[in-house]
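S.K.: So you can see what is in the structure, the chains are spelled out below.
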Amino acid sequence: MIASLMPAVSPGTFLSVAVAATAGSLWLLLPRGQAGVAERTSRWAGALLGIAALGCFIATGHRLGGLGEEAVFLVVSLVAVVSGAATVVSRSPVYAAIWFAMTLAGVAGVLLVLGAQFLGVATIVVYAGAILVMFLFVLMLAQPAGLAPYDRVSNEPLLSAVAGAVLLGILSLSIGRLSAEPPACCQVPSKAAALADAPSPAEPTAAGDVDLLAEHHVARLGAELFGRHLLSVEVAGVLLLVALVGSIAIVSRGGVSGGDPQAARRAIR
Amino acid sequence: MTPSPLVLDGLVVGAMLFALGLVGILARRNLIVMFLCAELMLQGISVSLVSWSRHHGDWGGQVLVIFVLTVAACEAAVALVFVLQAFARTGRLDAAAWQSLRESNLPRVVDHELPAVDTVPPKFPRLTPAGIEPAADEDAVLEREHV
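The listed protein sequences correspond, in order, to chains A and B.
Take any residue in the first sequence, note its place counting from 1, add 978, and you have its number in the working numbering.
Take any residue in the second sequence, note its place counting from 1, add 16, and you have its number in the working numbering.
In case anyone wonders, no lab produced these hints; they're calculated from the structure.
Check each hint, because a few of them may be wrong.
Quick partial rundown of chain B residues pointing at chain A, CB under 7 Å, derived from the structure [claimed, not checked]: (1) L36; (2) M50; (3) L52; (4) L56; (5) V66; (6) W68; (7) L80; (8) N121; (9) L122; (10) P123; (11) R124; (12) V125; (13) F140.
Quick reminder that beta carbons are idealized off the backbone N, C-alpha and C, glycines included.
Go ahead and model the full structure; you've got the sequences and the hints to work with.
M.R.: Quick look at the structure:
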C-alpha cells in the first residue's frame, strides 16, 4: 500500500532501498567498539532504520518472488558451497562441524527457493538441530587435545581432489546437456508441461518454471507422504526404532568389555 | 522439455556439494569428518532431488528427501556409536589406524604406508618483551599475605 502511494518508485528501487536499510540498520546495531553516548545513538538509529526496512519489506513482499529469486538463490548457494568447501578442508573437526551447520543453512535456503518449504525447515530442525549436535557431542567425547596428526595429514589429497573435480566436471557437463533439447526418442511428457497448458516442445520459454507444488505445500506433501507412501513411512519408523535400540545395545555392551583397554590398543598397533 | 534455469542451477549446486563431500570422504582421515562429508553428499543429493521434483511437478523427489533425512539420522546414530567404540579401542579417530586390522597369527599386510607424521609441536611466534622488567621489591613480596 506504501508502494501504491508512491507509483513513481519502481519496485526494484524500492527493494534496493529496503535491502540497504536492512544492511545499514544491522551495521548500526552490531557492536563496533564504541561506548557511551555514541553507542546509544548508534543503537537507536539502527533500531529506527531496522523498523523502516521491515516496513519496506512488508510493502514489497508480494513482489519478492519474481524480483529477487535469482539473487537470493545466488547468495544461498554461494553460502552452501563455500562453507561446504570449508567443511572439507577445515583442520579442526569442530570447525568442520560448525561450517557444516553453515552449509545446512545455505542448503535450507536453496530448498526454500526451489519451492520445498517443508524440507528447508526440516533440514534446519533435523540436521542442524539434532544430527549436528550429535556430531558435536561425539567430538567432545572423543577429541584428543590439540590437533591430531591425522587431522593434519590427508590420505592421497591430490588423487581425491582430482577424482572429485572430474566427477563435478562430468556432472556439470551432463547438466549442461539437459538445457539443450533432448532427442525425440528420449522426451518424457512432464506433468508440468501438461498442466501449464502444454507449451509446444519447440518453445522452451520458462516451461518448467511454474511451481506446481507451491500451493498448500505442507498439506499436500503430507497427504502424499501418508497416502501413497504410507508403508514407507511405517518402514522408516521401524528403521528409526532399530537404529535407536541398536546403538543403545552397542554402547551398553561396551567397546572393550571384559578385556584390557591397553591390550586392545597394543593389538591394534 | 528443457529444465528451467532455476532447476539447472539447483542441479549444479547439488553436484558441487556431492563432489565436495566425495573429496572429503576420500581425503580426510578423521572418522567424524568423514561422516560429515557423507552428510554433505546427502545434502547434494537432496538439492538435486528437489530440483527434479520441481522440474517434473511431482512430489516423489521431496518425499524421497524426507526418507533421506530419516535414514541419515539412523546412519548418524549408529555410525557415531561405532566411532566411539573405535576411539575407545585405539585412542584415535584415525580411519587409517584400522588398515592393519588382522588376526594375531597373520602377517601384517598394508596397501600403502601413510606418510610419516611429524610429531613436532606447532611453533608459535615469540613476542619480544616490551619495556623494562621492573625490579622486584623484596619486602613487598615477603609481606604479601597471598599471591
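S.K.: Hints first: check each against the structure and report whether it holds.
M.R.: Structure-based check of each hint:
The restraint placing L36(B) at the interface with chain A holds, with a minimum CB-CB distance near 5 Å, inside the 7 Å limit. With its C-beta approaching chain A no nearer than about 10 Å, M50(B) sits outside the 7 Å limit, and its interface hint is violated. Look at L52(B): its Cβ gets to within about 5 Å of chain A, closer than 7 Å, so that hint holds up. For L56(B), the interface hint holds, since its Cβ comes within 7 Å of a Cβ in chain A; the closest pair sits about 6 Å apart.
Interface hint at V66(B): satisfied, since its Cβ lies 5 Å from the closest Cβ of chain A, which is below the 7 Å cut-off. Below 7 Å, beta-carbon pairs count as interface contacts, and W68(B) has none with chain A, the closest being about 10 Å; its hint is therefore violated. For L80(B), the interface hint is violated, since its Cβ never comes within 7 Å of a Cβ in chain A; the closest pair sits about 9 Å apart. Nearest Cβ of chain A to the Cβ of N121(B): about 12 Å, over the 7 Å cut. The hint is violated.
The closest approach between the C-beta of L122(B) and any C-beta of chain A is roughly 12 Å, which is over the 7 Å cut-off, so the hint fails. The restraint placing P123(B) at the interface with chain A is violated, with a minimum CB-CB distance near 15 Å, outside the 7 Å limit. Annotation: R124(B) was flagged as interfacial toward chain A, and the flag is violated, the nearest CB pair being 10 Å apart, outside 7 Å. A distance limit of 7 Å between C-beta atoms decides the matter here; for V125(B) the minimum to chain A is near 15 Å, and the interface restraint is violated.
For the restraint placing F140(B) at the interface with chain A, the shortest Cβ-Cβ distance is roughly 12 Å, beyond the 7 Å limit, so the hint is violated.
Checked against the numbered hints listed earlier, the structure breaks hints 2, 6, 7, 8, 9, 10, 11, 12 and 13; every other hint is satisfied.
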